[in-house]
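Protein sequences appear in the order of chains E and S.
Per the working numbering, the first sequence starts with residue 1, numbered consecutively.
Per the working numbering, the second sequence starts with residue 1, numbered consecutively.
Hints listed in this document are in silico derivations from the structure and should not be mistaken for laboratory results.
Source: prediction; values computed, not measured.
Idealized CB from N, CA, C, for every residue including glycine.
A few of these clues could be false.
Computed cross-link-like contacts, EDC-like style, restricted to lysine to aspartate or glutamate with a CA-CA straight-line distance of at most 16 Å [to be verified]:
hint, chain 1, residue 1, chain 2, residue 2
1, E, 194, E, 28
2, E, 114, E, 124
3, E, 128, E, 178
4, E, 106, E, 132
5, E, 106, S, 101
6, S, 23, S, 75
7, E, 105, S, 101
8, S, 98, E, 101
9, E, 199, E, 10
10, S, 52, E, 101
11, S, 103, S, 127
12, E, 63, S, 89
13, E, 106, S, 102
14, E, 105, S, 102
15, E, 171, E, 209
16, E, 27, E, 76
17, E, 34, E, 10
18, E, 53, S, 127
19, S, 61, E, 89
20, E, 47, S, 134
21, S, 51, E, 101
22, E, 106, E, 138
23, S, 103, E, 104
24, S, 52, S, 33
25, E, 41, E, 10
26, E, 63, S, 86
27, E, 54, E, 43
28, E, 135, E, 178
29, S, 98, E, 104
30, S, 5, S, 30
One side of the interface only, derived from the structure: several residues of chain E facing chain S at Cβ under 10 Å [stated by the list, open to error]:
hint, residue
31, 52
32, 69
33, 74
34, 90
35, 97
Residue strings, one per chain:
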Amino acid sequence: MADEDVVLLDFWPSPFGMRVRIALAEKEIKYEYKEEDLRNKSDLLLKMNPIHKKIPILIHNGKPVCESLVQVQYIDEIWPHKSPLLPTDPYQRAIARFWGDFVDKKIYGLESGKVWTTKGEEQEAAKKEFIECLKLLEGELGNKAYFGGENLGYVDVVLVPFYSWFYAYEKCGNFSIETECPKLIAWAKRCMEKDSVSKSLPDQDKIYDYVLHLKKVFGIE
Amino acid sequence: MAVVKLFGAWLSPYCYRVIWALKVKGIAYEYIEEDLSNKSPLLLQYNPIHKKIPVLLHDDKPICESTVILRYIDEIWPQNPLLPADPHERAVALFWIKFADDKSPLISKLFRTDGEEQQAVAKECFEMLEVLEEHALIGGKKFFGGDEINMVDIAFCSVAHWLGVIEDFAGLKIFEPHKFPRLNSWIQNFKSVPVIKDNLPDTDKMLALLKRRREMLLASKSS
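For reference, chain E alone in the conformation it holds in the complex:
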């Protein structure tokens, strides 16, 4: 596709950005990756997402698409022939969208961040809820290889970036996610066997260093 111009404005530790990287890799789309310094946002970023001023921003032939779940669905629509992410059946699509929404609200939401930003009782409550939500996801996965069935699907792409943050959560929260949710970790490792995922996620150690840096910057113990 000679006249396809795809640019991704992103920030390396962002799990939202990782979703888009995985989707583009699954579809084998060539794109230009631009790393943003969030303390010094580029004019392009501010122009392409004036409302939220956030990454990731997907720019396709000059036109911006914002919000990672919207971006993943857009990528799936524009390039439908390779690696379809959403099912074709409308009811199955609704189920996939429901779980994508669940992941956004419960795993990426403000409450789960408390696992690494708080201590004591507040942290324990956050850990408990976090694990409960992961267990609900394990229930949805069931005996399938992926949430998408035999191949990576929408929910896999939406959830797996968070795996790169698990080690940081475990260190800060002093718990083992694998002990609590072995099936989910097995699923994540299965996803990581795919280049589209392993090349889109940073090392867990790097994310942990980043979290420590954030804690210092925000004065969190």
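Could you slot chain S onto chain E? The hints should help.
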């Protein structure tokens, strides 16, 4: 003939989103009112994860979360489409629907808070209206959907109807027509659309219920 049922609550804007979508498409459905203080076993069976309304039942298959339901309705019954056909325009519409989903809870938060906390929420509401005024209604469009309402208009229903009622109840003035002329036109246009106008919760009834709920909230806070 497939059976469509909707579990809802008459005060919930999320429930109305689904009602309007079904009516725009001309889909017959059975409505089941849920008492949110005493949820039915059926509701808990159909939405075990969130235990919330609305839940759409189509051929005994439950669909939960209003935006997920709207997209399902639009895909199953393609007449009177609620999203643009062009993928980029659709992505822009979905961006605004997500914005509506993220910000709408602020409006009910106005009702549940007071003092400094309520002031902070009111400020966030004002900023949300500013974003809509400045970015979402440019080009002199009658509706977010252009000449006809679409899913984006439906998604912003809290701004069109619930905000005014809660402002009246709480004695707040966040939305002022002269400060938000485009948004004001949109609200008038939206509430004039027959399917919307004929299916809106009565404001007096809403105020009465809000008053009762507020009394209960205050009573539980002080006990």
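Status of each hint after checking the structure:
The suggested pairing of residue 194/E with residue 28/E holds, with an alpha-carbon distance near 13 Å, which does not exceed 16 Å. Simply put, residue 114/E and residue 124/E have alpha-carbon atoms about 9 Å apart, close enough for the 16 Å limit, and the pair holds. Distance hint between residue 128/E and residue 178/E is fulfilled; the C-alpha atoms sit about 14 Å from each other, no more than 16 Å. Restraint check for residue 106/E and residue 132/E: satisfied, since their Cα atoms lie roughly 10 Å apart, inside the 16 Å limit.
The straight-line distance between the Cα atoms of residue 106/E and residue 101/S is roughly 15 Å, inside the 16 Å bound, and the hint therefore holds. A C-alpha spacing of about 15 Å is found between residue 23/S and residue 75/S, which places the hinted pair at or below 16 Å, so the restraint holds. A C-alpha spacing of about 11 Å is found between residue 105/E and residue 101/S, which places the hinted pair at or below 16 Å, so the restraint holds. Between residue 98/S and residue 101/E the alpha-carbon distance is near 10 Å, which keeps this suggested pair within the 16 Å criterion.
Pair hint residue 199/E plus residue 10/E holds up; C-alpha atoms about 15 Å apart against a cutoff of 16 Å. Note on residue 52/S and residue 101/E: the hinted pairing holds, with a Cα-Cα distance of about 14 Å set against a maximum of 16 Å. Among the hinted pairs, residue 103/S with residue 127/S is consistent with the structure: their alpha-carbon atoms are about 10 Å apart, no more than 16 Å. A C-alpha spacing of about 10 Å is found between residue 63/E and residue 89/S, which places the hinted pair at or below 16 Å, so the restraint holds.
Among the hinted pairs, residue 106/E with residue 102/S is consistent with the structure: their alpha-carbon atoms are about 14 Å apart, no more than 16 Å. The suggested pairing of residue 105/E with residue 102/S holds, with an alpha-carbon distance near 10 Å, which does not exceed 16 Å. Between residue 171/E and residue 209/E, the direct Cα distance comes to roughly 11 Å. Compliance with the 16 Å bound is thereby established for this hinted pair. Among the hinted pairs, residue 27/E with residue 76/E is consistent with the structure: their alpha-carbon atoms are about 8 Å apart, no more than 16 Å.
Proposed proximity of residue 34/E and residue 10/E is supported: the alpha carbons are some 6 Å apart, at most 16 Å. Of the pairs offered as hints, the one joining residue 53/E and residue 127/S holds, with about 15 Å between alpha carbons and a cut-off of 16 Å not exceeded. Between residue 61/S and residue 89/E the CA atoms are separated by roughly 13 Å; this keeps the pair inside 16 Å, and the hint holds. Annotation: proposed proximity of residue 47/E to residue 134/S holds, straight-line Cα distance about 14 Å (limit 16 Å).
About 15 Å separates the Cα atoms of residue 51/S and residue 101/E, which keeps this hinted pair within 16 Å; it holds. Using a Cα cut-off of 16 Å, the hinted pair residue 106/E and residue 138/E holds, with the two alpha carbons roughly 14 Å apart. Proximity of residue 103/S to residue 104/E is assessed by CA-CA distance (about 15 Å); at most 16 Å being required, the pair is judged to hold. For the hint pairing residue 52/S with residue 33/S, the CA-to-CA distance comes to about 12 Å; that is within 16 Å, so the pair holds.
With a C-alpha separation of about 11 Å, the suggested pairing of residue 41/E with residue 10/E holds against the 16 Å cut-off. Between residue 63/E and residue 86/S the CA atoms are separated by roughly 13 Å; this keeps the pair inside 16 Å, and the hint holds. Straight-line distance between C-alpha atoms of residue 54/E and residue 43/E comes to about 12 Å, which keeps the hinted pair within the 16 Å bound. A hinted pair counts as satisfied when its Cα atoms are at most 16 Å apart, and residue 135/E with residue 178/E qualifies at roughly 11 Å.
Between the alpha carbons of residue 98/S and residue 104/E the distance comes to roughly 12 Å, so the proposed pair stays at or under 16 Å and holds. Proximity of residue 5/S to residue 30/S is assessed by CA-CA distance (about 5 Å); at most 16 Å being required, the pair is judged to hold. Here the hint on residue 52/E is kept, as its CB sits about 9 Å from the closest CB of chain S, short of 10 Å. At about 7 Å, the closest approach between the beta carbon of residue 69/E and any beta carbon in chain S falls short of 10 Å, and the interface hint on this residue holds.
Annotation: interface hint on residue 74/E holds; nearest CB of chain S at approximately 5 Å, less than 10 Å. Against a cut-off of 10 Å between C-beta atoms, the interface hint on residue 90/E holds, since the closest Cβ of chain S lies about 4 Å away. Satisfaction of the interface hint for residue 97/E is found here, the shortest Cβ-Cβ separation to chain S being roughly 5 Å, below the 10 Å cut-off.
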